[in-house]
Each structure stands twice: as C-alpha cells, then as structure tokens.
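**Student:** Residue numbers (our numbering), protein chains in the order written: chain A, 50 to 298; chain B, 50 to 298; chain C, 50 to 298; chain D, 50 to 298; chain E, 50 to 298; chain F, 50 to 298; chain G, 50 to 298; chain H, 50 to 298.
The hints are simulated quantities; they were obtained by calculation from the structure and are not laboratory data. Be aware that a few hints might be false.
[Claimed, not checked] Using 27 Å as the maximum straight-line C-alpha spacing, the simulated BS3-like pairs for lysine-lysine come out as follows:
1. A:K216 - B:K216
2. D:K216 - E:K216
3. A:K166 - B:K166
4. A:K216 - H:K216
5. E:K216 - G:K166
6. B:K216 - A:K166
7. C:K216 - D:K216
8. F:K216 - G:K166
9. E:K166 - G:K166
10. H:K216 - F:K216
11. D:K166 - C:K216
12. E:K166 - G:K216
Only a predicted model underlies this, so the values are computations on that prediction, with no experimental measurement involved.
8 protein chains.
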Amino acid sequence: MTPAQLRAILAEVEAGQLTADQALQKVKHLPFDDLGFARVDHHRQLRVGFPEVVFGEGKTAEQIVAIAERLRDAGQNVLVTRIAPDAAEALRAHMPAVAHDPVARTAILTVERPTPKVRGRILVIAAGTTDLPVAEEAARTLEAFGHPHDRLYDVGVSGLHRLMANKERLTGAEVLIVVAGMEGALPSVIGGLVDRPVIGVPTSVGYGAAFNGLAALLSMLNSCAAGVLVVNIDNGFGAAVAASMINRG
Amino acid sequence: MTPAQLRAILAEVEAGQLTADQALQKVKHLPFDDLGFARVDHHRQLRVGFPEVVFGEGKTAEQIVAIAERLRDAGQNVLVTRIAPDAAEALRAHMPAVAHDPVARTAILTVERPTPKVRGRILVIAAGTTDLPVAEEAARTLEAFGHPHDRLYDVGVSGLHRLMANKERLTGAEVLIVVAGMEGALPSVIGGLVDRPVIGVPTSVGYGAAFNGLAALLSMLNSCAAGVLVVNIDNGFGAAVAASMINRG
Amino acid sequence: MTPAQLRAILAEVEAGQLTADQALQKVKHLPFDDLGFARVDHHRQLRVGFPEVVFGEGKTAEQIVAIAERLRDAGQNVLVTRIAPDAAEALRAHMPAVAHDPVARTAILTVERPTPKVRGRILVIAAGTTDLPVAEEAARTLEAFGHPHDRLYDVGVSGLHRLMANKERLTGAEVLIVVAGMEGALPSVIGGLVDRPVIGVPTSVGYGAAFNGLAALLSMLNSCAAGVLVVNIDNGFGAAVAASMINRG
Amino acid sequence: MTPAQLRAILAEVEAGQLTADQALQKVKHLPFDDLGFARVDHHRQLRVGFPEVVFGEGKTAEQIVAIAERLRDAGQNVLVTRIAPDAAEALRAHMPAVAHDPVARTAILTVERPTPKVRGRILVIAAGTTDLPVAEEAARTLEAFGHPHDRLYDVGVSGLHRLMANKERLTGAEVLIVVAGMEGALPSVIGGLVDRPVIGVPTSVGYGAAFNGLAALLSMLNSCAAGVLVVNIDNGFGAAVAASMINRG
Amino acid sequence: MTPAQLRAILAEVEAGQLTADQALQKVKHLPFDDLGFARVDHHRQLRVGFPEVVFGEGKTAEQIVAIAERLRDAGQNVLVTRIAPDAAEALRAHMPAVAHDPVARTAILTVERPTPKVRGRILVIAAGTTDLPVAEEAARTLEAFGHPHDRLYDVGVSGLHRLMANKERLTGAEVLIVVAGMEGALPSVIGGLVDRPVIGVPTSVGYGAAFNGLAALLSMLNSCAAGVLVVNIDNGFGAAVAASMINRG
Amino acid sequence: MTPAQLRAILAEVEAGQLTADQALQKVKHLPFDDLGFARVDHHRQLRVGFPEVVFGEGKTAEQIVAIAERLRDAGQNVLVTRIAPDAAEALRAHMPAVAHDPVARTAILTVERPTPKVRGRILVIAAGTTDLPVAEEAARTLEAFGHPHDRLYDVGVSGLHRLMANKERLTGAEVLIVVAGMEGALPSVIGGLVDRPVIGVPTSVGYGAAFNGLAALLSMLNSCAAGVLVVNIDNGFGAAVAASMINRG
Amino acid sequence: MTPAQLRAILAEVEAGQLTADQALQKVKHLPFDDLGFARVDHHRQLRVGFPEVVFGEGKTAEQIVAIAERLRDAGQNVLVTRIAPDAAEALRAHMPAVAHDPVARTAILTVERPTPKVRGRILVIAAGTTDLPVAEEAARTLEAFGHPHDRLYDVGVSGLHRLMANKERLTGAEVLIVVAGMEGALPSVIGGLVDRPVIGVPTSVGYGAAFNGLAALLSMLNSCAAGVLVVNIDNGFGAAVAASMINRG
Amino acid sequence: MTPAQLRAILAEVEAGQLTADQALQKVKHLPFDDLGFARVDHHRQLRVGFPEVVFGEGKTAEQIVAIAERLRDAGQNVLVTRIAPDAAEALRAHMPAVAHDPVARTAILTVERPTPKVRGRILVIAAGTTDLPVAEEAARTLEAFGHPHDRLYDVGVSGLHRLMANKERLTGAEVLIVVAGMEGALPSVIGGLVDRPVIGVPTSVGYGAAFNGLAALLSMLNSCAAGVLVVNIDNGFGAAVAASMINRG
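In isolation and in its complexed conformation, chain A is listed as follows (with noise of 0.2 Å):
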C-alpha cells in the first residue's frame, strides 16, 4: 500500500463516500503478512519511503515466488535483487510481465509507474568495466523508485582525462553514486571535484591483496574527500536506496 492510495482511502471516508468499517476492509492487512518463513511488509513505504525489497540470494525460487506474489496482491511494486537466473525464470513464469536484467541480477514488476517528487537527477558512475553488474544493481534500483538517473561508466583514477572530459557531467548531478574496485580511489577523486554528496560503492572487483573488496572499502573509508559516504561491497542496491531518498524533493 502505497502513501497515495492510503491518502485517497482516507480522503473517501472524510467526504463521506466511505464509512470506517468500508475503509478498514480496504486497509485489512496487519502491517505484516506472515509467510511462516517470512513476514511480508506491507507498510513498509509509508513508514521508511520505499517498498519492501525482496533480497534473493540465500533465498529458495519457491520462496522468491510466495513473497512476490503477496506484495503483488496487495498491490505493490516488486524488486527482486541478487536473483539467480533459475528463480527469475520461476518468476517470470508466474508473473510474465516481470522485467529481468542478468547483468544487475534483478526483476522487477511494475503494478503502478512511481512517480517521487524529485530533486534533480541522480549520476552512477563506474570505474572499470567489471564494475558494471553493481552499478546497473544501482541503476535498476532508481529505476524501480521512478528516479532520473543517468550512467557514466569506465572513467577510473589512471585515465583521468577520460573522467575529465565529462566533469560537467559530474556537477550537474543531484547525487553521486560512485562504483569502484581495485584500489577504490574513485570517490576520493570525484569528493574533490563537486559540491553534492558522494556515496561510494566498493566492488569485490580484483584480485591479490584486493581482499574481495576490502581495499577498496578501506579506501573509501579513509577517503581524503571529506563527505564521501560509504555502503557496503557490491552494495549497489543499498547504495540506490540512499540516493532516492536524498533526492526526495
């Protein structure tokens, strides 16, 4: 249930056109539905601003199937994230109109088209091209949130011109989300360079002592660029959840 459709229910019972009892059939669900394994939060946008999310990794497609379908029901969007291809196949199969990216590994269900109040536009940016399955995590998420958003990929710390070249790119955005692994100095750089904030994704991208991203976490961490915010590896989603709702106009 979203924010707008619980503001029209209640606007119907102040005109009259619908008594309490009306109303509460409409609003009937508890706030959560309980699955037995999980509990599907229904109230989830009025409360934190975005819908319930359904993170699949470690999760059974049958599983992934049940969720979806309750937050289909109650007439919610649904995001899947870190789906395996197997379960977006089972999915789709019982909810065709479900869109599956596999390079950003999610599926998504669009019941009604979002449409926030935004600020401006929200920037992803990559540094290397194995990068990309989190940024486009990223992307797909401010997608699914119906926020503008736009991508600048491959433009890592040795090829600075390739950067350079679209530094007004860089200042005309709202938010900044920055993917990079390896050595993870891309935030660092981008810090220095604009006024807005700066959420740094590190990626398990590397090899060595790159520690499956702890390099690059460290990195970002420690970040000389004073502001530079930090979510965890490979984290593009938390990263797109963050940026949606500073842009919230």
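Dock chains B, C, D, E, F, G and H against chain A, hints included.
**Tutor:** What follows is chains B, C, D, E, F, G and H alone, placed relative to chain A:
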C-alpha cells in the same frame, strides 16, 4: 572566499563599478597558497560547498596557527578538528576570538556567520555517553557550517524505550547522524523507523573484540536497514560534512 | 546408556535382583567404543548431560553409518548434524526410522523419547528468512533432546514493529536463542527487553563486509545489552545444547 | 526501584492503604532520568532482572559520580565497573560507603543487600594468575547481585592434575564462569567434564600471536565441547550477568 | 644418492678399488637436474637429511611423473604429497610399484627401504575423526622415512577420559605429533603431560570462526604448555620431517 | 597510435607534405573510444609509455573481442592478460594471428613488433614450479613490450646452492622480477646479492597460513634488503610493466 | 624437587636407611602449593622435564617474590622471564644471589647447577641486532637448564656472506634456534643448509606491515624448507624449552 | 670502502706502485666487522650499490655510536634512519659533523660527498602535510646518496587542481616517490599521468579504518594504474634506495 563574496565582486564588474583589473586585485590569490608544508585551498567552498577545514592531528601547533592565519586573512571562517589542548591554547593566543571545545576537540573562528539555505534540521544521535566526543565533533561542525541541528544522546538499543520515547524527534529530522560504538546496532534500528537519510558513525568505544571500532563499522556496513550510509570510525566531522550537503536547500 | 537406565540396573543390584556380575554384563561397554577412526562415547550423557552427537561434516557416509549403528546398538538415540543429503540417504537405507530434515541438515533416530525435567519453553528466533537453516538446526536439536520450544522468524531490527508485536512471546520464554546474520543486532535489542538468558548465534548470511559471519559475530560479542552469550558462527546445534542445559529443571 | 519495592507499593494500593495518587508520587520517576549526557535507567531491574550498572571506562569522574548519585537517590544499589583509581577516589569522597576493589576495578555501594532466589552456587575459574582481574570483576559482580559463588584459580590445562584435584568443585557448581587467556583451552576441557552451562571469558593475557585475546576468543568459539558459551574479551561483568540470569531460581 | 651410497664409493676410492675418475662417473650428476620447470635436488639427503619430496598440489600429472622418474633413476625413493587421484593414477601407470593412499593423499615408491638409526617411536595423535587426512599424511611420511610410529586417534580434549586411558602411550613416545582442528587445545594438554617434544599441527577442520584453521593455529602458538612447537595449518608432512630429525639416533 | 607513428605524421606536416586537416584525419580518434561498457584508450602509450592492455578477468568473451578489435583497428598491438581458455578461443576465431599461452593466461596480437630503446636484460626468477603461471605472465608481457628477458626458475631459498650456481645471471641483469609464494623470502636474499632494482611478486601459492599470498606479500614488504619493491599478489603483469619502465634506455 | 632428589630418597627407603614415614616427610609437599592467586607446581620437572618457570609479565613484584620463595624453599632453581626492572630489583632484595639480565629480561637463582645429559650444543642465531632481547631470553633459559649453547648474531639473509662465513657453526649444532623479525626469512635459509631441527622464533621487530611480528610468523609457518618448527612471536623462552627437550641425551 | 677507493688501490698495484702485501694492508678488513651485537658490512656498497645504513629504531645510543664509528673509521659515509632525538644527541657528541634532521629522523655524516652517475632527477611527492616525516626521510636518503631530487608536497587527490598545476614537474622526473596516507590514492592518479616508475609509500597517517597504514597499503597494491611499485608502510628510506638504484646512469 565564499561564493557570496565572489558573486558580489562579479556583480560590481557587471555593473561597471569595478574594472576587470580591480576585480583581479580582489580575487588575487591563487586557488591555493603554498606554505611549503601545506597548500591552503581558498576556493574549496566554491568547488565543494564548504571551506577548507584544518585536520589538527599530526600537525604542530605552529603549522595549525600558520594555516589558520592564512585562512582568516583570506576572509574565511576557520574550523580546526582533532585539535590538541596545547595547540588550541596556541591558536587562541594568536586569535582570541577562537572558540575551543575540549570535548569535541574543535576550534572555531567565525569571521562571518554562515547562513546557508537549508531543507530542515539535522539530528545528531549518540548511543552512549562515551560516544559524546564524536557526536560533539559532528555537532560543532554543523554549527560552524550554519546548519540547524539537535542532539539526542544515550539512547542505545539495549534500552529501546529510551529511543521510542523520542520517536517524534527521529521522524522530524531531515538527516540523521547516528553515532555508536560497541556493536553499532543503532543505525540499523533507526534506519527502520525513518524515511530520511541515516549516516552511521562507528566509534572506537568498546573493548576486546570491538577492535577499536571495527565491530561497529562492520555492523553498520551490513545493516539490514537498506540505505544506511557509513563514514570512517570516529569521523564525526565527515558525517557532518555529508549531512550538510544533503541538507542544503 | 542413559542415567535412567543405569539407575534402574543399580536399583536391581541393591534389591538383590541382580548379582554384581550380571550387572557388569549389562554395563559391559567401556565408556567408549574404538572404531579405529573414532571412539564412540557411550557415557557422555552421564557425564555432560546429553548423548554423543555425530557432526556429519567431513565424515564419509560409511563413517556416519558405522557410528550411528554403534550408538543405536547401545540403546542411545542418534542425532547427526550437518549431514549431506547423500549421507542421510545412506543412513536411512540402514535405519528407515531416521527422520531427515534437509533444511536443518539433521538426521534423528529416536530409540526412546527423552523426557527431561525442564524449567520452561525455549524460544528460537531468526532475524531473516535466510537464517532459517541455522535456526532449524537449533530447533531440531531441542526436539531431539526433548525440550519444549517455539519458533519466531523474520523479525529483524529494521522492522521493530514485527518484533514488538511479539513481545509477550519474548518475555514468556525461559531461554532465547537468537539467530541473526548481516549486522547481528537482534540479540542486543532482545537482550534489552527480557530478563532471561539470550544466546546469540551469528550466521554467515550476508555479503561483502559481512565476511562470512564475522560482522554478526563481533556485533554480538560487543552487545551493549549485558548478559548476551555467543556461540560460533552458524552453530545452531551448540546454542541448543547450551539452552537445554540452562533449561534443565 | 526493585521489583520488591514496586510490588509493595501496589499491594498497599490494592489494600486501600494508598491512593493511586499517592502511589504515583512514590513511583514518580520516569523510567529514566535525563542527565543530558546520560539517561539513567531506573526500571532496568524490572525489565531485565538486574539494575543499571555504570561502565566506568571512558567516563569522567564527574559523570560517574553524577550517575551514581542519581541511582542511589532512587534507592538502587550502585555497581561501577572498569573504574580508574582516581574516579574511585572521587566516588568515595561523595559516598564513603562505596567499596572499591582495585584488582577487579569495581566500586560497589550497597543500599540494600539483594537476596535473589537462586538455584545453586556459581564457580569462577581462572586459568592463570594474570587472568585474576577479569575473574575478580566477575566475582565482584556476582557479589553485588547477591549470588553465592566460589573461586578456583590457576588451574590451566598445561597442569591437568591441578584441575583434576578439584573435580568435585567443578561438578558441584550450577554455572561455571571460566576465565582464560593465551590459548583459551580451559572452557573446552571443563565443558567435557560437567553437565552445567559453561561461560568462557577470553582475556587479553598473552603476547605475540595472542593478539590481545583474539586467540583465546577464537579458541572458545570453536570449542569441541558443545554448549560452551562465550562473552567478549575481558568481559567478566557480562559473564556474571549471564550467570546470574541462569542461576535465578 | 643416499649418504650410504656415497660413503661406499668413497671407501672404494680410499681402498684403491676405484680411481678418482671412475668415482666421478658414479657421482656424475650435478647436485640438481634442470628439467626447465624444476631443478631436481639429488643431494638433499646429504645436506638436510631427507630426500627431495614432491609437493603435488599445483603441479600437473606430467610434471609429477617427470620429477618422480628423475628421482627414481637416481636411485632415490619417491614421496609425493598432496597428490590428486588422477595424478596418482598417472604415476602408477608409469611406476606400478607406487603405493597410493587416498586419505593421506600420498604416493610412495620404495626403491630401497630406509633404515635410519632412531631414538624411539613417534606417536601421531589426532583430536577428531575429521583430522585423519592430515594425521595420515604425517604417518605415511614417517613410514617413507623409515621411522617407527604409532597412531592414537579421536582423543579430543572434550573427552579427557579417552585421552587419559592412553596416558602410557603418550609418555612412552620419543616425539609426539598432535593434529587438531577447531579450538586446537590438544597440544597444550598433552604438552603438560609429557617431557618429550610436542609438534602441533593445526588443521582447517571446523567452521565459522575457525577461519580455516586460524583458530587452531593461534591456539597452539599461544599454548600455556611451554615447548609446544607448531607447523603450518594441515602440514602433516612438515611435522613428520621435523619429528624424524628429532628422532634420529 | 604509437609515439613513432605520431612523430611521423607531425614530421610530414612540418615538411609541408601533409596539411593540418589531413593530419587531423589521421589522428582522428578521440583519445578514447566509448564502447558503452568501456572506453578504449588509444593514447595511453603516449601518456604512460605502454599501450592499453586488456585485463581479461571478469570480462565476457564478447567484451574482450570488441575491445581487441578496436585496438587492432587503431593500429595497436593487443595484449590480453588473465584470459580464460574459452575467451582465448573466441579471440582467435576473430583474429587467427593471436598467440595464446595457457600457462601465462595471455593472448597477444602483434601488429607491429615493438623495438623500444632499452638499458639491458630483465631477469624473471621463480622460486618454485608452482609459481610459473605468474612468472610466465611477466615474461609474456615483457615479450609483448619488446624488452629482452631471461628466465631462472625453481631456485627457492631452501636450496641456496641452486641459486648460487646462477649468481652471474643475477648480477648481469638490469632489473630482476622475483616471483615467490609460500614464505616469499627469495626477493630478500636476491636483494642482498645485486645492485639493481628487485621487484618482488608474491604469489598465492601455498596453503594454510599462506592465506592466499598474504604471507609472501608481508614478507616482501618487510624485506630486510632495502630497496625491494613489491606489486600485488600474482601480479606478474604489473611487475613487467614496472620493469620495462625502469629498463627504458 | 628434581628427579635426582626423588631417586635418592627412594633409594634410601629401599636400602632401609629411611622409613616410609620419614620419606613422606621429605616428599611432604602436595604436587602444588596453593598461594591463593597461584598454585606453585613442584613436580613439573618430574612430569615435563623442566622446573616451573615464572612468567613475569602481568604479575606484581610481590607475586613474583612470593612464588620464587616457595620454589627456592622447595629446593628448586628459579627462572623468571619477562621480568620488569623494578620487579627484578625487588627479587634481588629478597634473594641477593639472583642474576638479572636486563636485555634478556630474565632473573635466575641457581640453587643447584643442573647437569642434564645432552646430545650436543644448541646454536642461538639472531638475524639482526634488534632481535637480541629475544635471542638472549632463549640463551639465558638454556643456561638455566644447563644446556651447552653458542650465539651467532646479525646474520640476516640480506647479507648471505655473513651467514655463509659461519656455515660450519651451523652444521655443527644439534638444534638451532633462529630468531628473526621483519620478513623472518632466516629459518627458511638455514633449514635448507642443515639436517638438524630448526626452531624459528618470529620477533615483533619491524614496522608498518610487519604488524608486530605477524609477517615474520607467517613467513616461518610457510617456510619452503620442510621441517622448520615455529613458536609464538618473541617467545625465546618457549624455543629454549623445546630445544632442550630435543637435546636431552 | 667505496668502489672508487678499491679501484684506485688496484690500479696502484697494477702500476707497480703498490705491492700485493701493501694492498692487503689497505683492504685489510674482513667484509664485515664483528662487534658482537652487530656485524658491520664494509663491502655492501660494492655488492648492492649503497653503503651500510644504520636503522636506528630498537638500537641503543651506544650501539648506534659504535657502529657509526666503525663505518667512519673505514672511510664510509654514515646514514642513520629512525634515530631518536637523544641518540642523535649522543652521536653528535662523538661526531660533531653529523647533520641531524628531527623531522626526517635522520643523522648523516658525510666523509666524502658521493657523486654517482645519474639519469635524471627524482621527485618526492607527499599527499598531505602529515606525510612529511616519511617524505623527508626519503629526501634525506637521496641527499646522502648524492641523487638530485625535488619536493612537491600537499597535493592530495581531493584537490586535483593542486596536482594538475604541477603536471610538468611530474612528467619531468626520472623516478617518482609518492608518499600518501589515508586512502593512499595518489600513486594511482600519478601513475596514470607519467611514463616513469612510480614508487608508492603508504604512511600510517589517518585514523579509524586506516588501521595504521593498512588502507593506504592495500590501495597502492591494488592500483588500477599498472606499474605502481610499493614499499612498506612509512618506509621512506626503502623507497629512496630503490629510486636511486633506478636512477643510476
């Protein structure tokens, strides 16, 4: 040099009240002053939205005084963080107007009170009494940047009633800075209660397997509340910089 | 050999119904059987209060079957944890009465239903759906040991209302096993709500800086709720053993 | 306010000896006092079974004294842990009845001797002489909470005969707190000898690859004796809290 | 070339039965053969007391066969450790006399049975059933080197009676190799019972906070029993080499 | 575009043989081509002295082929490192002249043989047979860059005589790349024998406490031979790039 | 009580020169004295071959003196390791015959010079000048135990000629204790030169990525010279205990 | 003894101006002097290209003075690094010509000004003011070795304009030493701008998750700019040694 100062000068040129040469005299400094051991950045506010801030740790009292004087002479406010008591003493000897807060370890010289356009109030939350120095560093930085803010202290997750008794203060904030040591769970709990950006600041409070803030840092990075953003351990300053960027109107 | 069985034999000797020699025949096993690759411990229940349990990981199906047969022949119940599907298959081929739970990865043969004297009910709590295998390992172990228990799943700290809606179940439990991955904050929150022992079980659920459960483990060890006890990552079995010791009447 | 005090007041109301208003006056405090830097929790004993305890590390002597006075004024006993010698001095200057133990680093003010209903005696075991401060912190906490307890010190695993000579003391205890640094093997050995809960407390005793208690911590978490429970490094207080919860009759 | 072979040749020269030139022909190999990808060391036995051993991990079957043939052709025994099943297969196809042990992952070709002068028997101890592959690697290496040895398995510290029932075997050994995973406490306990050198071998057995043998490794390095010596995780071969050096008569 | 090619064009312009417009057509590419997922950098050789190299890991075969074609079309040589066998297959299907080395995991297309001015020969040393893939990656890169080089393999520190027998080769090299896993001691020993730069490459060879190359990495960083330089674990390519920069005449 | 003393008493009983009762008086002590804070182990020499040694770190001067007196009164030699200068002072005040070595941080009281049967000489080697305190702790312990030993200092691997100039001393030793910090490569090099047991002692010497001895520790554990044995960081005492066990005739 | 000195002596012998015996007198020292606690290496310059340098940390003032005198007496220049103020004082008391730099923590005695043949100038770059001690250690070492060098300080990546304003200085250097703490990104950025060897020196500057230089170290090892070389944390000396080797003409 603040954006307002620069705009004023350019307006005078535009209005014919100032020749280009005269303007040049006024904007005479290079973007940075070279002190040999440091390059003082006078145009940072134009570029990234807040003035150059002096990180006091690891600098001698002489170096701090020299940089602060250069900033003041350029008409900028001065904020020194992580300043040792004796360096603060030395600074006040040169600039009696400096306000020193020994808990926050900050020294502030206000040349001109900043009046940024803001969206709302920032709430600085501390889980425990021992997290205060970091929380106060954040609060003092917000004060120096001119952003309205409130404090809510000693509301750790092992006493949820203390937190819940302040739920309205949580939901009324535009941005929330959440400072916590030990297990660092507070940002996760607060992130599930509000729909505004939450910036977690792990502190080095704790002992044993807290590993000087590592436990709290990992906890915040792995928050089950999507959208929690994290800065370095004990980095109250960085959290405040990011919060003020988000809060800009 | 259970304490009850031993007591019965000794009572018969005392009553003159059994000679010492005859009793000896009945208690004929050494405290342990030497299988070459393993020494099966028949007196563990006498000594530490629960029978020998077979840790299935790293053992071949043949080894597991051999040990289980030895235990069964000595009149003991059999509990195998971390059993792989094919080993479970092999075990059931030899002992059709074995109950295998593929989620909990347990196999149980009940020779004689245990009826321990207990103080109350044990509550097994899981923060998220992906923590279920570990929570179920705990629940199945409690079942094998004959301790009454309940389940409460998917009540993570980012949705406190789901937890609070079950507050009475929390305060009604004698011991609480709290299973959580990611930031592992749930034991801290629950530890602040109840006055009974809380056993935290970190899980390897999560990604990136979760470091296979390290984040949750450190979080629980540093809990700001005094009195939270911790076991190894994913160790649902160990938590259940400890909980049943505490719950003994 | 202890549960007994609250029950007495309610009984007077029930008996008509006290009006609701009068009762209100007696239960006048909010659940917590807001000292600005700290919220003193007066109802913790009602909620989690033991009164608010002051963690002295990282607090100034002034803060400790202020919190202690508030607790005393509310009729509660005061336990300060990790108190520095000078803070203890300051506390005793305000409250001469405070008992300070420099080895355990505790300060205790007994307003009313607690007489909890208990199940048995708690045994505090220390592997070596250098583990004493942590073991004594546990013992002093048990004393403050009114739980009967004994001490067994310097019985490390490299001299099993010293431990075995005390086997009856081990098996006679209701709960065992086992404090050990270096390789931290003692809880594993004891866990194999008794059928009661064992709480391992790793200490930061050792050098080199002990890594400030990490070796002992990992050792205890990986104990081959199922059912060993672990608290944070050097956390004698936490072990005592948990032990007293388990020992409640 | 073994020391005995070399001595025989030199004696013949001394006795005038062999000219220097003829001797040179017999000792014709360089100390090492250059296979391009490997330099086979024929004089290692002379230099460090045991022949060149082939570490099978990370080598192709072809490389292993080529090195083994070079060693055999030089009249040396061949010991390959960490050999994969298919490489063992390939080796046996070339040298049918090779003895392959799939548990120990060793392959041995005995050209001439070694008969070193020894001080006593070496005892190989394993804490649990899952530690057997490492223990067997040690035992097979001792066999290849001709040192008398015994096995004592599944005597972990959580069941001290199993260990104590074998105390005479412990005290009768000249050197003890103690293999243990999980908390790795066994060498500490044994080190307190015997007056002969104890070599601890941590294994990667365990899960969660065992961190692939790190817990056991740290435990052994911090043993409270002075004089415990440690080798790398899972390094049964290294322990056997050291034990045979100590055991040389 | 190589520096030589650019110089030739500019010379023609200078000589009046080419108009600026014609030259522009020849230097028509932007410094980088935007393939969407990657920006191919055609001027890298001008800027940092070696052409763009494709890091194959984490890229699809399609991406690798597309980038390689763009480089070839711009007249550049192509070097792909960490290429998987199937990607190499795909590349050779498009460009049959590509040379693929499965041990080194490199694929090389030589459009024009590079003939850099050099100072001397580079020596690639490997401590053990299992270090060969990394050493060969270095050697193949040197080959692609046109730097003369030699190989010296299987000369680990536990057999110093093998190393010492090659001392002249060591002292005759202009730069030394020293590849070693396990304890990584070889660069320290060699650094004490030569007066030319030594580049240590730790490898992930080893097991247990080798921690995937961490032991060798730390060893090289702490070398007691001053002047040893280090690159990332398994980074034979990076070592070769640095060595060729040092070796430029 | 030494084995020789016990044997003498028993011989007197056998010879009828002593009654059982009289003998009892002489062997009157329990195997350990209970000092409350410590149990002094008088029979350790009988059990593990060397007398109880006092680890001075973390003990007060009073505790050290008390334990030392108890040992002396039982006729045992006293060895205190890691003794602080003031504790040594206090000890000498009570026992003027104590020999204190401030470099080795040892204090020794020789009641009766030990004359163990030995196999040969033990060589204590130190890589650098800053490793001396640890090497001297080993040497002083060997002296206290009566084992013949030599010193060879400042022979690190970056100057192989210094080591090679002493090759005969290396091959002449029965056991070698090799103390090294920084990259800890010396045991690997020496292990390849000798056929006797090598005990590596990593030291906390170094800085940066030496991580207080971790680099040297990992290096030694991963030694490519099979048979190198390792003790804890800075544990010169433990190395000497093990070496003397190996050296016993 | 420098190579030039040795060559001169040999030339005199060749010219008949010196007998072999007389020459022997002049080259009379062993390659090293044995001071007991240290072996002073007089031929290191011949062997590895730079004279023996004294690492002051962990050595007493007496030891430093003794070694320095031996070097000076052999006609060598003396460079002491990491020298404490009091040791420098002591050294100057014995050798008034010693130049002590308290920031760089170096002491230098120039017996004969070195005039090596060089290729160009070395540029020492520091990211921030607090990185100066390490950068100065590098610069002073270059001075002692006679290599021309320049300094460029306070040009961190968060203010790229400061770096870009000095681009010509970057591209004009023969070798670049880049000193950076915090996130350590500077070598990656510079490595992408120049075609000469870049040596990264991570510093322990930073706090929290900088982990004493670990973040910067990992960052540099994972640099996306191929060819960046790394030395130990804070190891300005090592970087200078390597740079001077590369810069030799």
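**Student:** A separate judgement is required for each hint: does it hold in the structure or not?
**Tutor:** Here is how each hint holds up against the structure:
no.: 1; hint: A:K216 - B:K216; verdict: violated, 42 Å
no.: 2; hint: D:K216 - E:K216; verdict: holds, 19 Å
no.: 3; hint: A:K166 - B:K166; verdict: holds, 20 Å
no.: 4; hint: A:K216 - H:K216; verdict: holds, 19 Å
no.: 5; hint: E:K216 - G:K166; verdict: holds, 25 Å
no.: 6; hint: B:K216 - A:K166; verdict: holds, 25 Å
no.: 7; hint: C:K216 - D:K216; verdict: violated, 42 Å
no.: 8; hint: F:K216 - G:K166; verdict: violated, 44 Å
no.: 9; hint: E:K166 - G:K166; verdict: holds, 19 Å
no.: 10; hint: H:K216 - F:K216; verdict: violated, 42 Å
no.: 11; hint: D:K166 - C:K216; verdict: holds, 25 Å
no.: 12; hint: E:K166 - G:K216; verdict: holds, 25 Å
Hint compliance for this structure: hints 1, 7, 8 and 10 are not met, and every other hint is.
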